[in-house]
Amino acid sequence: MRQAVVTIDGPAGAGKSSVAKQLARRLGYRLLDTGAIYRAVALTARARDVAWSDAVGCAAIARDLEIRFDFVGDKNHVYLGDRDATSEIRAPEISQGASQVSAHPEVRAALLELQRRLGAGGG
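Every letter in the sequence shown is one number past the one before it in this note's numbering, and letter 8, counting from 1, is 8.
Calculated directly from the structure, the hints in this document are not laboratory data.
Hints may contain errors.
Quick list of simulated restraints, FRET-style, between CB atoms [what the hints assert, rightly or not]:
| id | residue 1 | residue 2 | range |
| --- | --- | --- | --- |
| 1 | VAL56 | SER18 | 34 to 42 Å |
| 2 | VAL56 | ARG25 | 33 to 41 Å |
| 3 | GLY73 | ALA51 | 31 to 39 Å |
| 4 | GLU88 | ALA4 | 28 to 36 Å |
| 5 | ARG83 | ALA51 | 34 to 42 Å |
Remember, it's a predicted structure, so these values are computed and weren't measured experimentally.
Glycine included, every Cβ here is placed at the ideal spot set by N, Cα and C.
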């Protein structure tokens, strides 16, 4: 039986991440942090010398992104390939890059498809 998918939305600073983490752990669900996905695109773009203003380049990164989420203790870790990028994606400059990257419709479309794939199994 397929598990349900729970989505949480709201303005910045409303506590979405805190609620999502607690809920995921309590229900035994995976946590798909969409903000972390945009940050991962920004981090990867920087590593590959792709400008955050380059919609085509960032969309290509988004389409090929190998990302997974895993709880380690009480913390939801973000892996790019086999590398734990949890701390790197939270750097202030990467946050700024994520904001720029998320402005591109091509990137949003690619990441929506990725989010659908990651959430396809539910839970």
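Status of the hints after comparison with the structure:
| no. | hint | result |
| --- | --- | --- |
| 1 | VAL56 / SER18: 34 to 42 Å | 36 Å, holds |
| 2 | VAL56 / ARG25: 33 to 41 Å | 38 Å, holds |
| 3 | GLY73 / ALA51: 31 to 39 Å | 36 Å, holds |
| 4 | GLU88 / ALA4: 28 to 36 Å | 31 Å, holds |
| 5 | ARG83 / ALA51: 34 to 42 Å | 22 Å, violated |
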